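Asker: Each chain, written out:
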Amino acid sequence: MKNIHYTNTRFSLLLAFIFSVFASCERDVSDDVAFATFPATGDIFTDTPVGLGTNFYFPYGPSPENPPGSKPTAWSVDDEVSFIGEASMRFDVPNADDPEGNFAGAIFRIDGEGSGRDLSGFDALTFYAKASQNVNIGEFGFGEDFGENKYVVTRQNVALTTNWVKYTIPIPDPSKLVRERGMFRYSAGAVDGLGFTFWVDELRFEKLGTIAQPQPAIFNGNDLVQQTFNGSNILINGLTQTYNLESGINQTVVAAPSYFTFSSSDPDVAQVSELGAVSVVGPGTSEITAILAGVRAKGSLAVTSTGTITSAPVPTAPAAEVISLFSNQYTNVPVDTFRADFGSTGFSEITVNGDDFKFYSSLDFVGIQFQNPTIDATGKSSLFLDIYTNDVASGNFQIQVRDRGANGQLDTDIFTGNPIEDDAEVRLDLTPAELPVGQWITVEIPLNGNLAAQKNNLAQIVFVGGIDFLLDNVYIR
Amino acid sequence: MKNRTKKISTLLLPLLLLVGCNTDETQTVVNFTELVMQDEFDTDGAPNSTLWKSEIGTGVNGWGNNELQYYTDRSENVKVENGVLLITANEESFEGSSYTSARLITDGLFEQQYGRFEARIRLPYGQGVWPAFWMLGAYDDGTIWPNIGEIDIMEFRGQEPTTILGSVHGPGYSGGAAISKSFTLQNDRFDTGFHIFGIEWGPAYVNFYVDDILYNQITPEDVTGEWVFDHPFYILMNVAVGGSFVGAPNEETNFPQSMLVDYVRVYKNAN
Chain R
522 MKNIHYTNTR FSLLLAFIFS VFASCERDVS DDVAFATFPA TGDIFTDTPV GLGTNFYFPY
582 GPSPENPPGS KPTAWSVDDE VSFIGEASMR FDVPNADDPE GNFAGAIFRI DGEGSGRDLS
642 GFDALTFYAK ASQNVNIGEF GFGEDFGENK YVVTRQNVAL TTNWVKYTIP IPDPSKLVRE
702 RGMFRYSAGA VDGLGFTFWV DELRFEKLGT IAQPQPAIFN GNDLVQQTFN GSNILINGLT
762 QTYNLESGIN QTVVAAPSYF TFSSSDPDVA QVSELGAVSV VGPGTSEITA ILAGVRAKGS
822 LAVTSTGTIT SAPVPTAPAA EVISLFSNQY TNVPVDTFRA DFGSTGFSEI TVNGDDFKFY
882 SSLDFVGIQF QNPTIDATGK SSLFLDIYTN DVASGNFQIQ VRDRGANGQL DTDIFTGNPI
942 EDDAEVRLDL TPAELPVGQW ITVEIPLNGN LAAQKNNLAQ IVFVGGIDFL LDNVYIR
Chain F
233 MKNRTKKIST LLLPLLLLVG CNTDETQTVV NFTELVMQDE FDTDGAPNST LWKSEIGTGV
293 NGWGNNELQY YTDRSENVKV ENGVLLITAN EESFEGSSYT SARLITDGLF EQQYGRFEAR
353 IRLPYGQGVW PAFWMLGAYD DGTIWPNIGE IDIMEFRGQE PTTILGSVHG PGYSGGAAIS
413 KSFTLQNDRF DTGFHIFGIE WGPAYVNFYV DDILYNQITP EDVTGEWVFD HPFYILMNVA
473 VGGSFVGAPN EETNFPQSML VDYVRVYKNA N
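Chain order of the listed sequences is R and F.
Here the first sequence stands for residues 522 to 998, where the numbers follow this note's numbering.
Here the second sequence stands for residues 233 to 503, where the numbers follow this note's numbering.
Hints listed in this document are in silico derivations from the structure and should not be mistaken for laboratory results.
A quick note: this is a predicted structure, and the numbers were derived from the prediction, not measured.
Treat the hints with care, since some could be wrong.
[Stated by the list, open to error] Quick look at which bits of chain R chain F covers, simulated, 3 or more residues with Cβ under 8 Å: (1) 730 to 737; (2) 765 to 771.
[What the hints assert, rightly or not] Simulated DEER-style distance windows between Cβ atoms: (3) R:Thr682 / F:Glu313: 43 to 53 Å; (4) R:Lys687 / F:Gly479: 16 to 26 Å; (5) F:Gly328 / R:Gln960: 57 to 67 Å; (6) R:Asn771 / F:Asn314: 23 to 33 Å.
[To be verified] Subject to a maximum C-alpha distance of 30 Å in a straight line, what follows is the list of computed DSSO-like cross-link-like pairs (lysine-lysine): (7) R:Lys687 / F:Lys413; (8) F:Lys311 / R:Lys819; (9) R:Lys697 / R:Lys819; (10) F:Lys413 / R:Lys728; (11) R:Lys728 / R:Lys671; (12) R:Lys819 / R:Lys879; (13) R:Lys697 / R:Lys671; (14) F:Lys285 / F:Lys500; (15) R:Lys728 / R:Lys651.
Glycine residues also receive a C-beta, built at the ideal position from the N, C-alpha and C atoms.
Model the full structure from these sequences, guided by the hints.
Answerer: Encoded structure:
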């Protein structure tokens with residue numbers, strides 16, 4: 522075919538005519554086209570890496586949470602195994618105790634600072650994969666470049682079998698990807714401590730034409746309500762895009778915030794950054810919503826600010842003398858939950874100007890539980906905590922402190938809430954007069970009475986009342 | 233080599249012109265060119281009652297298929313709006329059913345033997361959603377299904393968004409034993425745009441087509457029983473929910489789901 526030369530002028534003219542007829546059927550060229558100057562190559566790996574340059578494989582390194590990091594040598598090109606052609610990509614997931622790295626994971630990034638591809642004409646990343654055993658791969662995706670990581674997409678828990686199967690990762694909004702360097706990413710861990718091998722072949726971006734019916738979501742599709750205060754920050758999470766595939770399956774992927782356009786119904790109350798960070802700036806209520814590729818995302822946040830909040834007084838007790846459950850001032854012991862759910866009390870964690878609070882709303886009964894481990898308060902005299910409320914209580918506000926005893930469990934009379942079996946408890950009631958509104962008060966609950974001789978297995982604090990309140994600096998001294 | 237180039241050039245021109253712009257909605261079919269019935273759904277409101285009537289309720293055993301919907305003629309389930317007919321399946325508690333939808337028929341209003349029957353439709357999607365554009369034999373002498381004959385111009389399983397089926401049912405080849413063939417779109421789906429579904433039906437044949445692709449012909453040799461397609465038929469359009477053909481909807485099935493019909497046209501032999 523190389524030998525065909527278009528020397529025939531008549532043919533050239535004809536060709537020009539055909540193209541002009543064709544062009545008339547196309548839509549007008551959009552202004553956006555001028556920006557799309559990067560190659561629209563789809564292939565990433567066929568029998569060799571395609572158009573990635575020389576230096577493109579970057580393993581996930583050690584991190585504070587996981588010092589060993591991923592095994593740098595997990596990836597190779599396997600000339601013995603392929604779905605189509607001569608070779609595939611082979612990933613050897615190490616044993617969990619491999620000193621060279623306790624998992625396999627990396628990004629494939631096109632080499633060169635000025636590089637990139639225009640992926641806006643594709644609708645999915647696809648590949649064939651199989652494994653040495655039936656196994657779930659934690660993450661497959663693309664869009665991670667170890668820079669801004671602006672358009673990261675992740676398909677989680679991908680079930681591989683021992684046969685070649687085609688996998689599809691839909692692009693949440695292709696129009697965003699006019700220049701992308703992060704072609705592929707993966708993360709896989711051992712199964713029951715043991716490594717395995719999987720293969721990926723024919724890895725490419727494709728225009729399938731069968732990716733449809735988008736169902737984007739924020740907060741995993743939930744409509745959340747949160748009461749908070751000026752200065753607090755809330756990060757929008759649970760960002761996903763779901764497309765119906767040719768198979769009829771709804772495929773959900775985790776999508777980076779930059780695919781979404783966020784909005785706040787009242788910018789005087791709350792503002793949202795491009796990265797989905799909500800900043801509460803004034804009193805009132807605002808609804809936070811999002812749009813992805815022209816489709817309103819399921820899920821929202823109705824955030825209500827009751828105005829400004831001052832910080833609680835900073836505790837002055839020396840760190841060596843306290844056992845702290847919750848305070849920015851001390852190192853805290855493990856707490857199972859700050860909302861052991863006996864009733865319908867609302868709960869949220871609020872950060873205002875770097876200071877953390879727990880916020881309880883419409884309190885009926887709520888508990889803080891710490892059984893893993895329990896707290897041995899032997900030698901300590903009191904539990905302290907700081908409370909702030911704007912509500913005038915109609916009755917007493919009660920704080921209960923429970924020791925669960927030696928039998929290893931909380932034993933409660935479900936009708937009265939009283940301790941039974943080997944549990945012991947003290948209760949402190951605050952009258953409305955003892956709980957002034959609009960100011961922080963420090964409450965001291967002496968560990969005496971029933972706890973005087975049994976406070977080596979403290980496991981629970983319970984609040985009872987009918988108010989909204991902020992909690993800070995919970996510690997035993 | 234030069235000669236070969238010339239040859240290609242003269243052949244290419246008409247071919248490329250043909251495939252270059254293929255959005256034309258009209259079909260050129262040799263025989264059935266005389267338009268005898270058309271509904272373009274250009275008048276907002278209820279469907280034209282001189283042509284269509286609604287079947288109401290759940291039939292017998294969910295219209296014979298254990299279908300889950302209750303058919304109504306309410307505008308929530310059937311209406312003409314913005315140039316299309318909308319048949320909408322809703323998830324709602326109604327007269328003992330968990331879903332509502334609509335089924336339009338031309339029984340007694342428009343019946344024809346032979347011809348070209350086509351509709352331009354955008355389909356709904358999702359597990360358990362079962363839209364159809366089909367025909368039944370028109371009898372008022374007590375003849376019962378399947379002896380009356382059934383021609384399914386288009387049936388669709390919402391969980392298979394790229395595939396439709398065209399079928400005929402008759403005595404000895406009905407229900408699961410129908411003579412049937414599927415058609416699958418490549419790089420496209422039936423729920424994202426309009427497609428034309430049609431048949432050309434004459435003595436001893438039914439041709440099935442989607443857009444400009446003829447994908448099947450059924451003749452008396454293909455059916456495993458008596459050929460029962462030589463009498464007038466009437467048209468049906470509906471969106472069923474659940475039933476033996478598709479299975480029940482699941483938690484991922486989004487409601488409402490609408491079938492959009494741009495037009496229904498029927499032609500007869502002009503000769």
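Asker: So, for every hint listed, does it hold in this structure?
Answerer: The hints, checked one at a time:
1. Three residues within the 8 Å Cβ limit are the bar, and the segment 730 to 737 of chain R against chain F gives 5, so the coverage statement holds.
2. Here's how the segment 765 to 771 of chain R fares: 4 of its residues keep a CB closer than 8 Å to some CB of chain F, so the rule of at least three is met and the hint holds.
3. As the Cβ distance of Thr682 (chain R) to Glu313 (chain F) is approximately 47 Å, the hint placing it in 43 to 53 Å holds.
4. Here the CB-CB span from Lys687 (chain R) to Gly479 (chain F) is close to 24 Å, well matched to the stated 16 to 26 Å.
5. A beta carbon spacing of about 60 Å between Gly328 (chain F) and Gln960 (chain R) agrees with the range 57 to 67 Å that was offered as a hint.
6. Range check, Asn771 (chain R) to Asn314 (chain F): about 28 Å between beta-carbon atoms, so the 23 to 33 Å window is met.
7. Distance restraint check for Lys687 (chain R) and Lys413 (chain F): the Cα-Cα separation of roughly 26 Å lies within the 30 Å cut-off, and the hinted pair is therefore satisfied.
8. The suggested pairing of Lys311 (chain F) with Lys819 (chain R) holds, with an alpha-carbon distance near 28 Å, which does not exceed 30 Å.
9. Distance check on the hinted pair: Lys697 (chain R) and Lys819 (chain R) sit about 20 Å apart at the alpha-carbon level, within 30 Å; holds.
10. This hinted pair checks out: Lys413 (chain F) and Lys728 (chain R) have alpha carbons roughly 27 Å apart, not beyond 30 Å.
11. Distance hint between Lys728 (chain R) and Lys671 (chain R) is fulfilled; the C-alpha atoms sit about 22 Å from each other, no more than 30 Å.
12. The straight-line distance between the Cα atoms of Lys819 (chain R) and Lys879 (chain R) is roughly 27 Å, inside the 30 Å bound, and the hint therefore holds.
13. Straight-line distance between C-alpha atoms of Lys697 (chain R) and Lys671 (chain R) comes to about 10 Å, which keeps the hinted pair within the 30 Å bound.
14. For a cut-off of 30 Å, the pair hint linking Lys285 (chain F) to Lys500 (chain F) stands: about 23 Å separates their Cα positions.
15. For the proposed pair Lys728 (chain R) and Lys651 (chain R), the alpha carbon gap of about 23 Å is at most 30 Å, so the pair holds.
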